[in-house]
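Assemble the whole structure, with the sequences as input and the hints as a guide.
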Amino acid sequence: ILDTSGSMYGKLLLNAALTTSVLAYNMEKESYGIVLFNSTAMVLKKINEKKPIITIIDEILDSEAAGFTNIDTGLKNGLKELNKVKEKTRHKFGILITDGNYNRGVNPIELARKYPRLHVIGIPSENDAERGIDTCREIARAGKGKFFAVNNYKEIPRALIELLSQV
Numbered sequence: 001i002l003d004t005s006g007s008m009y010g011k012l013l014l015n016a017a018l019t020t021s022v023l024a025y026n027m028e029k030e031s032y033g034i035v036l037f038n039s040t041a042m043v044l045k046k047i048n049e050k051k052p053i054i055t056i057i058d059e060i061l062d063s064e065a066a067g068f069t070n071i072d073t074g075l076k077n078g079l080k081e082l083n084k085v086k087e088k089t090r091h092k093f094g095i096l097i098t099d100g101n102y103n104r105g106v107n108p109i110e111l112a113r114k115y116p117r118l119h120v121i122g123i124p125s126e127n128d129a130e131r132g133i134d135t136c137r138e139i140a141r142a143g144k145g146k147f148f149a150v151n152n153y154k155e156i157p158r159a160l161i162e163l164l165s166q167v
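For the record, in the sequence shown the residue sitting at position 128 is 128 according to the UniProt record's numbering, with numbers rising by one throughout.
Hints may contain errors.
Taking lysine to aspartate or glutamate and the EDC-like style, the derived pairs with C-alpha atoms no more than 16 Å apart in a straight line are [said to hold, decoys possible]:
#, residue 1, residue 2
1, K50, E28
2, K46, E28
3, K11, E64
Pair ranges (Cβ atoms, derived) [to be verified]:
#, residue 1, residue 2, range
4, K92, Y25, 17 to 25 Å
5, I54, V106, 34 to 42 Å
6, S165, K50, 20 to 28 Å
7, K29, R131, 33 to 41 Å
8, E130, N83, 19 to 27 Å
9, K51, N83, 16 to 24 Å
10, E155, P52, 25 to 33 Å
11, K84, D134, 28 to 36 Å
12, K154, E49, 25 to 33 Å
13, K80, D58, 20 to 28 Å
14, S39, D62, 16 to 24 Å
Hints listed in this document are in silico derivations from the structure and should not be mistaken for laboratory results. All C-beta atoms in this analysis are idealised placements derived from N, C-alpha and C, irrespective of residue type, glycine included.
What follows is the structure, encoded as structure tokens:
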């Protein structure tokens, strides 16, 4: 669930896009979906859809940072995709990649509680980074998941290795 809002402009979106691309590559043999969100949300890859990894990576890297940050709508669409997986499994989870600075929609904490597990990769923004990262931590806690802060692209592999080794 990738934040493509205006606050993710430049290096933040590049870091988030790289993170999502690496996750997609590592999850290639699994059932996974990708949701992009800003003011609204768009399902880039449905959880039961087969799509070439290179196409997914191209589409992620082509996404632009624009619009407001409505984490709630991203989480709603992510949960809708996740609920398409019928079997009860401990490996059913969501990953939210955002700066946490939502400025549209309702507080995403309540919706995070509905996930079987929701991990959050927080990418601190230039503006109000502390508040955003605090929100990321709260979402991960409510979603019974892990929180990872990624300040630059060099930290992405560490966070992903740590995250993927625990799921």
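Status of each hint after checking the structure:
Straight-line distance between C-alpha atoms of K50 and E28 comes to about 9 Å, which keeps the hinted pair within the 16 Å bound. For the hint pairing K46 with E28, the CA-to-CA distance comes to about 13 Å; that is within 16 Å, so the pair holds. At roughly 12 Å between alpha-carbon atoms, K11 and E64 fall within 16 Å of each other, so this suggested pair holds. Between K92 and Y25 the C-beta distance comes to about 20 Å, which sits within the given range of 17 to 25 Å.
Under the hint 34 to 42 Å, the C-beta atoms of I54 and V106, about 36 Å apart, fit the expected range. Between S165 and K50 the beta carbon distance is about 26 Å. The supplied range of 20 to 28 Å therefore holds. For the pair K29 and R131, the beta carbons lie near 38 Å from each other, so the given range of 33 to 41 Å is met. For the hinted restraint 19 to 27 Å between E130 and N83, the CB-CB distance of approximately 33 Å leaves it violated.
Between K51 and N83 the Cβ separation comes to about 20 Å, which falls inside the hinted range of 16 to 24 Å. Distance hint for E155 and P52: a CB-CB separation of about 28 Å, consistent with the stated range 25 to 33 Å. Checked against the hint of 28 to 36 Å, the C-beta distance between K84 and D134 comes to roughly 32 Å, which is consistent with it. Between K154 and E49 the beta carbons are some 32 Å apart, a value that agrees with the proposed interval 25 to 33 Å.
As the Cβ distance of K80 to D58 is approximately 24 Å, the hint placing it in 20 to 28 Å holds. Separation of S39 from D62 is about 18 Å and conforms to the stated range, judged on CB atoms against 16 to 24 Å.
The earlier numbered hint that this structure contradicts is number 8, and it is the only one.
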